[in-house]
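> Here is what each chain is made of, one letter per residue.
Number of protein chains: 2
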Amino acid sequence: MTIQERAGGITTPAGFRVAGVSAGIKASGAPDLALIVPDRPASGAALFTTNQVQAAPVTVSREHLTKSGGRVAGVLVNSGCANACTGTSGLAVARASAGRLASALGCPSEQILVASTGVIGVGLQLDAVEAGIGRAMGALARDGHPAARAIMTTDLGPKEAAAHVETADGAFSVGGMAKGAGMIEPMLATMLAFVTTDVSVESPVLARALNEAVASTFNAITVDGECSTNDTVVALASGSSGVTVTESRNYPALVHGLTAVCRTLALMIVRGGEGATKLVSITVTGADSVANARRVAKTIANSPLVKTAVHGGDPNWGRLVAAAGRSGVPFAIDRAVVRVGPVVLFKDGQPYDEAAPRAADYLRGTDIDIEINVGAGGSGEATVWTCDLSAEYVRINGEYRT
Amino acid sequence: MTIQERAGGITTPAGFRVAGVSAGIKASGAPDLALIVPDRPASGAALFTTNQVQAAPVTVSREHLTKSGGRVAGVLVNSGCANACTGTSGLAVARASAGRLASALGCPSEQILVASTGVIGVGLQLDAVEAGIGRAMGALARDGHPAARAIMTTDLGPKEAAAHVETADGAFSVGGMAKGAGMIEPMLATMLAFVTTDVSVESPVLARALNEAVASTFNAITVDGECSTNDTVVALASGSSGVTVTESRNYPALVHGLTAVCRTLALMIVRGGEGATKLVSITVTGADSVANARRVAKTIANSPLVKTAVHGGDPNWGRLVAAAGRSGVPFAIDRAVVRVGPVVLFKDGQPYDEAAPRAADYLRGTDIDIEINVGAGGSGEATVWTCDLSAEYVRINGEYRT
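Just so you know, the protein sequences line up as chains A and B, in that order. Under my numbering, the first residue of the first sequence is numbered 1, with each subsequent residue one higher. Under my numbering, the first residue of the second sequence is numbered 1, with each subsequent residue one higher.
Hints listed in this document are in silico derivations from the structure and should not be mistaken for laboratory results. Fair warning: this is a prediction, and the values are worked out from it, not measured in the lab. Wrong hints could be hidden among the right ones.
[Said to hold, decoys possible] Examples of chain B residues toward chain A, derived with CB under 7 Å: (1) Gly87; (2) Ser89; (3) His311; (4) Val321; (5) Ala322; (6) Arg326; (7) Ile333; (8) Val337; (9) Val394; (10) Asn397.
[What the hints assert, rightly or not] Far from chain A by the CB rule (all over 12 Å, computed), these chain B residues: (11) Gly24; (12) Asp39; (13) Pro41; (14) Gln125; (15) Gly134; (16) Ala139; (17) Pro158; (18) Glu166; (19) Ala171; (20) Glu212; (21) Phe218; (22) Ser289; (23) Gly325; (24) Val338.
Just so you know, even glycine gets a beta-carbon here, dropped at the ideal spot from N, CA and C.
Here chain A stands alone, though its shape is the one from the complex (with noise of 0.2 Å):
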C-alpha cells in the first residue's frame, strides 16, 4: 500500500458531482449554497458536534443517516447562516430544505444530509434555500472549486485536500473540502468538513474508518478551545474505483487514505484560524496513556500565556510546564523535558536559560514544533495543533456585528 498526497478535492474520487452557487442567504451576495451529489446513492457515515446545543441539521442529519441505513443520496450545506437556537421553525426548515433536494433527485428525505455554518439565532429562509438548490442543480459538475467556496465564510480561502492510495486491489482516491473559523462576523464557530472516497465500502466500516482519521486530526485541532453549534464532519463513497473495503481488506489503506485527507484539511484550519500567525504542533510524550498525553497536549494548546508567549516568539517553558501540571494527570517535574524545535529548555529538573536565544530564534518561524515529556514513564503520546493568539484575534472577534 502506498499513499501520496496530491492536488485535488472533494470531486478527485469518482463518482461525485458537486456544484457552488449563490442563493442570497448571504447579504453580500457570495457563494453560500453547496452540493454534494454521488452518481448513485453513496455509503455514508458522519460524525458531529458533542455541544448540547445542536444546530437543527445536525439534528435533522442525525435522524436521516440513522433511517436511511447510511445511504446518502445527496448533501445540502449552506453557509451565511447556521441555523442554530432556532426552534421548532428552525428544525421545519432544515427539513424542508432536505425534502426539497429530495424531489429534485427522486430519492427519499432520509438520504440527504444537511449543514450550516453562520450567525446563532438567525432563522434560515426557505425561499432562498428552494431558489439555491435549483440554481445548483443545474450546475452540477466534476469541480469541486465553487462548492469549496460556497462553504466559506470569513475562510482566507478555500480548503481542499486528497490523496491517492495504491493497494493490491487497485488504486482508489480519497478528497475532501473544509470550512474553518474565520469568525469576523461573531458566531460562526463552526466546523464544517466533507470527504469522499471512491471505494466500495459498507457504511458501518466507513464510520469506523472516519471516527479513527478523526481522532487525530479534527479532534486533535484547536483554535480557541470553543466547540461550535454545528461541527458536522460528513464522508462518502461512491465504489466507482472498484476497490472493496471490509473490515479484513484494505481497511488500513482506507483509514490512512481518510487520515490524510482529513489532516491537511484540518491543518489547513488552524493556519487559516482567527488572527493566526504560526501553526503550533505540541506533542506530549512519556505519559502513562494516550488519553493523558492528549489531555496535556490539549491543555497547552488552549493556554493563553502558551499561545501569547509563541506569538511573541518568547522561549517561555515556566508557562508550558504550570499548564501541563495543571492538566489533571501525572505529571513529575524531576523526570520532564521540554524542547522547543530542536533547543531543549528544561531537563533533569534544570533549566536552560542559555539555550534561550536559540529558542527564540526558532520561535521566529511560522511552523513551531513543541515537545514535552511529562516524566510518566509511559508510552503515551498524542499530537496536537493550535494556532498562536495574537491581538487581532481580539480585534475579530470584540467588534460589534453588525
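Given the structure of chain A, go ahead and fit chain B onto it with the hints provided.
What follows is chain B alone, placed relative to chain A:
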C-alpha cells in the same frame, strides 16, 4: 451579627505588625519583601495551588503548617522571583529563608510560612532575602501599606480590604492584602493573599472557615484560566479582640467576615487582570447542583469568544449559549434564559434580537452582570467573576522577556 466593610488592610485586626522593604530581589530596586508578624504565635490556616508543579515555598509552607499544628509566628513573602521549578537548591533556599526569620523571631522554623511570586525557573538569592529580613524586622509597624506594595509584581496598585464584624460577644475585625496577575513580565501567573483577624480560634476551625470563604471568592474568579505554581491564601488569627470562635460559637460571623474581605480582594484581582477593562459577573441559575452551576459559569468565564464579545460591547448571546452547551452539564436550550444586565436576550427558545441595542448600551459600562438559567429545573446557582479579553492582554503576554 452585623458586618461592615471598611477602609483598611492586614493591620486592621489587632495583634499584627507588618513591614515591606526593598531587599534587592527585583533589579528595579522596588519593594520586594514583606513580613507579617503576630504579637504572639497565631492560629494559621492556608490553601495552596492545586497545580502539580508546586513552587518551593508552597512545599515548605505546607510542611510547616502540618508540623506546627497550625501555629504561625511569622510569614515571609517575596516578589520578583517565584522560586518555582528551581529543584533542590530552590527548596534549600526556601527552608533557609524560613530558618533566618525563625532565628530573628526566636521561634521554631515550622512556625514560619513562606510565599513567593515572580518569574518561574529563576533561583532566589538567599543573601538578598537575609538582608531583607534584617531590614524588615526593624520596620515592623501597624501600617499595612508597605507590605501590600512589597508583594506587588505588575499589579496596577496595592490590594487591601477590611471588615468590621459585631457579634453578641463583642466586635472583631478581618483584614487582608492580595497580589494579582499583572504579568507584564511573563510567568507571574501568581495569586497571593494574606488575611488576618483578631478573633481567638483554633487552627482547624479557622481552616474550615477559610475554605468556605475561598470557595465563593478566590476560587470563583478567573482572569485567563491559568492556575499557577505559587497560588497561596493564608489566614492568621491573633485572638487580640477577645472574641472567641468555635464550631458552635460565632462561626458564621467569622465566615462572613473572611468572605467579605476575600471577595473584595478577589474582585480587585479581576479588575486588575491583565489588560482588563471590565469586571464581569457570570451568574448561573437553574442547574441541578451548585457544582454544575459553577462548572457552566467557569466555562463561560474562560471562553475567549465571550470575553472578546464583552470587550467589544457585543450582546452576543449565541456565544454564551454555545459555551454553556459545551460545558458538559445538563443544559436545556428550550427552557434556558439569557440576561445581560437587565435585558433578556433569549427565553422560551426564542431570541429577543430587538433588545440587542439596549444590551449593547449596557455593555458600554465597566461592571457587567450576565445571568444564564440553564433550564435544568434545579436550584443550583453560582457566580464567577472574570474580566474581558483585550488586545492589551496579548501585548502584555506576547512581549519577549527581557
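> Taking the hints in turn, state whether each one holds.
Tested hints:
1. Annotation: Gly87 of chain B was flagged as interfacial toward chain A, and the flag holds, the nearest CB pair being 4 Å apart, inside 7 Å.
2. Given hint, Ser89 of chain B at the interface with chain A, is violated; its Cβ is 10 Å from that chain's nearest Cβ, farther than 7 Å.
3. About 5 Å separates the beta-carbon of His311 of chain B from the nearest beta-carbon of chain A, less than 7 Å, and the hint is met.
4. With 7 Å as the threshold, the beta carbon of Val321 of chain B comes within range of chain A, its nearest partner Cβ sitting at about 6 Å, so the hint holds.
5. For the restraint placing Ala322 of chain B at the interface with chain A, the shortest Cβ-Cβ distance is roughly 5 Å, inside the 7 Å limit, so the hint holds.
6. The beta carbon of Arg326 of chain B is positioned within 7 Å of a beta carbon in chain A (closest approach about 4 Å), and the interface hint is therefore held.
7. Given hint, Ile333 of chain B at the interface with chain A, holds; its Cβ is 5 Å from that chain's nearest Cβ, closer than 7 Å.
8. Against a cut-off of 7 Å between C-beta atoms, the interface hint on Val337 of chain B is violated, since the closest Cβ of chain A lies about 13 Å away.
9. At a threshold of 7 Å, the smallest CB-CB gap from Val394 of chain B to chain A is about 5 Å, leaving the interface hint in force.
10. Hint status for Asn397 of chain B: holds, given a least beta-carbon distance of 4 Å to chain A, under 7 Å.
11. Gly24 of chain B, annotated as away from the interface, keeps every beta carbon of chain A farther than 12 Å; the closest lies near 20 Å.
12. A cut-off of 12 Å between C-beta atoms confirms that Asp39 of chain B is not in contact with chain A; the least separation is 37 Å.
13. Here Pro41 of chain B stays apart from chain A, with its beta-carbon at least about 33 Å from theirs, past the 12 Å limit.
14. Gln125 of chain B, annotated as away from the interface, keeps every beta carbon of chain A farther than 12 Å; the closest lies near 16 Å.
15. For Gly134 of chain B, the requirement that its beta carbon stay farther than 12 Å from each beta carbon of chain A is met, with the minimum near 30 Å.
16. For Ala139 of chain B, the non-interface assignment is confirmed: its Cβ lies about 32 Å from the closest Cβ of chain A, beyond the 12 Å cut-off.
17. With a least CB separation of 24 Å from chain A, Pro158 of chain B remains clear of the 12 Å interface cut-off, as annotated.
18. Against chain A, the non-interface label of Glu166 of chain B holds: every CB pair exceeds 12 Å, the least being about 41 Å.
19. Once the 12 Å rule is applied to beta carbons, Ala171 of chain B is consistent with being away from chain A; the minimum gap is 41 Å.
20. Once the 12 Å rule is applied to beta carbons, Glu212 of chain B is consistent with being away from chain A; the minimum gap is 23 Å.
21. Annotated as non-interface, Phe218 of chain B keeps its C-beta farther than 12 Å from every C-beta of chain A; the closest such distance is 16 Å.
22. For Ser289 of chain B, the requirement that its beta carbon stay farther than 12 Å from each beta carbon of chain A is met, with the minimum near 16 Å.
23. The Cβ of Gly325 of chain B sits about 3 Å from the closest Cβ of chain A, inside the 12 Å cut-off, so the non-interface label is violated.
24. The non-interface label for Val338 of chain B is inconsistent with chain A: the shortest C-beta to C-beta separation is roughly 10 Å, within 12 Å.
When the structure is compared with the earlier hints, violations turn up for hints 2, 8, 23 and 24 and for no others.
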